[in-house]
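Peer 1: Chains as they are written, first to last, in the numbering used here: chain G, 1 to 333; chain Y, 1 to 385; chain A, 1 to 344; chain W, 1 to 343.
These aren't lab readings, by the way, just hints derived from the structure by calculation. Please note that the accuracy of each hint is not assured.
[Stated by the list, open to error] Computed from the model, here is a short list of chain Y residues facing chain G with C-beta under 10 Å:
| # | residue |
| --- | --- |
| 1 | I117 |
| 2 | G120 |
| 3 | D219 |
| 4 | M222 |
| 5 | I224 |
| 6 | P225 |
| 7 | P238 |
| 8 | I317 |
| 9 | F325 |
| 10 | L328 |
| 11 | A332 |
| 12 | P333 |
| 13 | V367 |
Cβ coordinates follow ideal geometry from the N, Cα and C atoms, glycine included.
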Amino acid sequence: MLLNYILKRLLQLIPLLIAVSILIFIIIQLPPGDYLTTYIIQLETSGLEVNQSEIINLTKQYGLDKPMYQQYLYWMKNIITKLDFGRSFQWNQTVLSLLQQRLPATISISLLSLVVTWAIAIPVGIVSATHQYSGFDYFFQFFGFIGMSCPAFLLALASVFILFKLTGQSLTGLNSAAFVNAPMSWAKFVDMLPRLLLVIFIIAISQTAGMIRSMRAMLLDELQKQYVITARAKGVKEKKLLWKYPIRMAINPQVSTIGWVLPGLIGGEMIVSTVLSLPTMGPLVKRALTNQDMYLAGSYLLIVSVLTVIGTLISDILLAIVDPRIKFGGVSE
Amino acid sequence: MSDKKKKSNANIDTVDSSSSYEVASQYKLMWWKFKKHKAAMIAVPVLIIMYLICMCCEFFAPALPLERYKDYKDTAPTRIHLWDDDGNFVGPFVYGLERYTDPYTFRKSYVESDQIIKLGFFVRGSEYGVFGSNLKWDVHFFGVKLPEGEEPGGHNVFFLMGTDSLGRDVFSRILSGGRISLSFCLVSVAFTVIIGLTLGGLSGYLGGVVDTIVQRAIDLIMSIPGIPMWMALAAALPSTMSNLKKYFLMSLIMSLIGWTGLARVTRGKLLSLREEDFVIAARMCGSSHMRVIFKHMLPSFLSYIIVSVTGSIPGTILGETTLSFLGLGLQAPTVSWGTLLQDCQTVDSMAATPWLMFPALFIIVSVLCFCFMGDGLRDAADPYK
Amino acid sequence: MKRPSEDVILAMEDVKVHFDMDEGLLKAVDGVDFVIKKGRTLGIVGESGCGKSVTTNAIFKILPKYGLISGNIWLYEKDGKELEEPINIAELNPTGDVIRSIRGGNISMIFQEPMKAFSPVHTIGNQIMETIMLHVEPDKKKAREICVEALRAVGISNPEQRVDEYPHQLSGGMRQRAMIAMALASKPSILIADEPTTALDVTIQAQVLDLINNLKHENNTSVIFITHDLGVIAEMSDDVAVMYLGKIVESCDVDTLFYNPQHPYTRALLKSIPTADKQHKGRFESIRGTVPYAMNLPVQCGFCDRCDEAIKGVCDKGYPPNVEIEPGHFVRCFKFADKGTEGK
Amino acid sequence: MENKYTNPIIEVKNLKKYFPITSGFFKKTVGYVKAVDNIDMYINEGETLALVGESGCGKTTLGRCILQAIKPTSGSVLFNNKENKQVELTTMPYSQLRDTRRDMQMIFQDPYASLDPRMTVLNIISEPLICHHLMGPAERREYVKELMVTVGLNPRHLERYPHAFSGGQRQRIGIARALATKPRFVVCDEAVAALDVSVQAQVLNLLMDLQEKMNLSYLFISHDLGVVSHISDRVGVMYVGHMVELADTVKLFARPMHPYTEALLSAKPVADPRNKSRRIMLEGDVANPAHLPSGCPFHPRCRYAKDICKEQLPEWRELEPGHYVACHCAQDLQLHGMRGYEK
């Protein structure tokens, strides 16, 4: 039953992914001037000699002399068959090698932020709802509003500024200067930890605020439901009852929101890491965008979109697992 | 119930107006509910004041946004005094500023001199065109009282929130930036409403192929993370483009993502309303299609549209300031809250000139107010529950 | 409180439930007395908003936080044994151990809408076993066996398989059967049925009513049956209490109620029900006006504004007394104020 | 009695309404819910025809199909208009249909959902008048007040909004709206189901009074046999989209010919403790209209079912004058009616 459902969902993803890649290709092509001329200008301004055979090679490899739709097909073909995302003229490297250097950090930071978001939002939401109108509830409602109205870049700036004032240390980057080029070691990890935590918390906070609110509202709603009264009428202990019925029901929709929390976290990661100049995709893509290094930017967009789509799929599957109404086809009523 | 109706009907006693609850219209009920939301009741006047001030920023700001005080770079906010050193009440005044170079660090800063510069309301200052027109005026809401004959821009200066590295008054720039940032979100929301209502409405009303296409388009846009997409689209705008054009294109880009939410709400409401008994009743009464849509369906989902739209404003403001801050959105010389914050990108600059962070306060306050207002509206949206 | 007689299991004494709301004090239940006897069914009948559901929720102490309960609810028997010292449920802590052992164990409840009353994400077996493990058999395996038997007893075919199904996989009638199985699995001494058939179709309603009656006789359970349908009352109950605006206006055995009703409201209600066996195409004798909202009401008989027999200057001046006009037949009306002994 | 009504105001022939069941990405149609299947019936001028059946049997859909609130899939609905001419409603152009709506109206089940909460009573009741361009504003106002008196509302409450009224009063507003254009045919869709017993009686009385006064024809949809027995001249019984029996009320209650009708009649609890009914218990649940059993849709629950019932859909036959039934075995069965009707 479940396997069927997953297969069906996977099949539905294919047209969506194709459409996403087309849209992103269009976005890449939007800036005036084509890739080759930008590349040649870049080379010339940096005083390097323009290698004609390399140009011809590039043209052939990416079909740059062909009409637009063929260029798209080349792009897709290279990605699917050879994992070749194109070249970044700015770095004069393949996009793939850049991605290999920086994408793992980006993804791990985003996922860790997701975990932190949940770890904070769900318990706080539960306590807020079960202790409605208490001091705790009011505090976190206020916190939620502040979190929602403070842009992530400002949060990053402010926390770095405050920490600088307090400790005299500038916590930008993922490592202090001494460790930037050092190989990975325990000391480097220890050096990295507070910075990493800072980054993760900053990214998580803006998402946490919204999620606390929705968790609280959802649980308040569930607490009124008839089945809670049924359970109470059975003589179930209040605490057990709370966990078994309404909290589980209120968490279900939270599970299904990975699909829209993830894009937010990816965007947040991008901004925060740009502000804090972390060695992740964020600053790289920002530079690529300002310099219109579009293969790099486009590849990033494509990858995060695919990740989002996969995230949505996973959350749908999780929801189908926790909510039997979906697994067995259609919510009745 | 309007007075007009009362008059048109001669015998007033046929109209029962004893109890206001019974004759309260939808909007009255919504207002009563809205009034209960205290935060929203504070937020609305704050927003109105902010908009008023920013719309007339030349008048309310003591200086012009691009006006440079060459001798006063990176000045800290000037302190306003009421009593002089001897304890005599003078009224609001500031002391003149003298440049001071630290003999050890050689860092330049400004210290207060003994010169008393009086402040006042409705004072003469730099000339500006009223609402950008050719009509020139030089009265400012508040500022230093210039001695008769003295031109602005001299040494009688007053900087409420300090100056930046080029010697421009931060407060004046914030008000001017507010005009851009605060209007930007409204323009963007207007685009959102146009696109979202049209597509959502078509999708819900026509159904079939149109519905499928719009739904797939929404899925498509939802699957690309918003901020990177904004950034990519914003980066694609050529740098030679005029500021005005860029302003509108940027707001369009913002709404390209925002409309999906509104379209969903519209479609969902349309679909559910179509099956509502009172709408079927209206059709059974012989109402035309247009009358059913505009007289019966629109008023009942208008409130949801308003809620959805207000809910999307904070995101727009945050998005614009973020992009501008990163240098991908509106660019100097256009002044917006985001571009103003570009000046404090590093810890060093923040430590040296923390007053450049003031725009952040305005961002937070305005977004907070919109959040509260949206919250209040959501509570009031369905007074019949 | 002394037990009135051997067969009384539960007694309500001047029970009031008031809701303290923003707009004022809502007197949902305003002084209710009745007793539950072993093996008998008490039907509580009234129109919507008369407080019949709140009354039974008070027995369960499952009222919202702003609900204030006063009076006494005496429970004389627990787990089949007579209590030396009767428990006053009204004074119990609503989340304490004592009330929780009574809920589901000694007193069970069937709710109106079986779809909403079951959690949609747990199997019905899981939810029924919860009761059994709490009150009968803590061992999971044995509890499951009891659960299957309980489902079989309420006429669900294939109970071994149904146990692992989710509520939405069952039809409305099946769900209500499962609900009954859950309520009766712990062999309670009192079963409260709150409009158990209102959401069901007539033919399914007939099945469910039959089932409740059979199980009641098998287990010698006492039943409190709440409904607005006088037809169902006639089928199901031994004793009847008619409620209006939070008060019981008339209580007697079912035969007396239908053949010798005394309170003007009861009589009007009986006349206004559309029974099929009356003169064809006749007009209904209706009660004028509507039930008032039980908030900030004047001190008068709640029915006096709609009553054809109301006496001016009497009925609108104070609450009528509860009078026992015949043994076991109580009427709350000024007409009978001096025609019998005043009851509690 | 019977000869009094001979002039049908509504004639329904082979009416069908199938709702497609779609599934998958491209919304392919995988089946149909046969909400209304092949219905034939007529309603005479001035009479009340009741439709009874359990939830999901298609009685509401049938009512709406007749008024063209839902477009039927196929079949015809003939309406006898003011000029005493039969017109076909299903193929009528929209503008003409709008005009015809003056003569046929609807009263809804839920008095809370059927009134637009954003409009005053005046606007709600005068809506049909405005749509058909009848009367000027001042005249309309006076007329609405008159109507409010007719349905038992206080005309001083003209400017109030629906939220200021109780359920019963709201239903009266709905009735006033339906009657504003002086229609000749009204569909009452469970018009009293949401009301309390005492209020229900008031509204039923009002409906009967109005019928007498305005010579209305009712299609009265209900699940409550008690109500139906009082108000209707003839009764149609529906089961999962099919009409299974239709006859004069007294005849149907006294001697039903379809086993389902018999079970329905016996299932109704009677308010008489000395005479508890002997019920005919139906096994199982109502069939799923998306997956109907073969042959007669009622056969899995029918205690008289024979082999033929599993294979063939029974024909709609007039077994006695005016008594229609769709059952293979109807003529061989001696079924019990409701107590009080049986002699």
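Peer 1: For each hint, tell me whether it holds in the structure or not.
Peer 2: A quick look at each hint next to the structure:
no. : hint : result
1   : I117 : violated, 32 Å
2   : G120 : violated, 35 Å
3   : D219 : holds, 6 Å
4   : M222 : holds, 7 Å
5   : I224 : holds, 5 Å
6   : P225 : holds, 4 Å
7   : P238 : holds, 6 Å
8   : I317 : holds, 8 Å
9   : F325 : holds, 6 Å
10  : L328 : holds, 6 Å
11  : A332 : violated, 14 Å
12  : P333 : violated, 18 Å
13  : V367 : holds, 4 Å
In summary, the numbered hints that this structure violates are 1, 2, 11 and 12.
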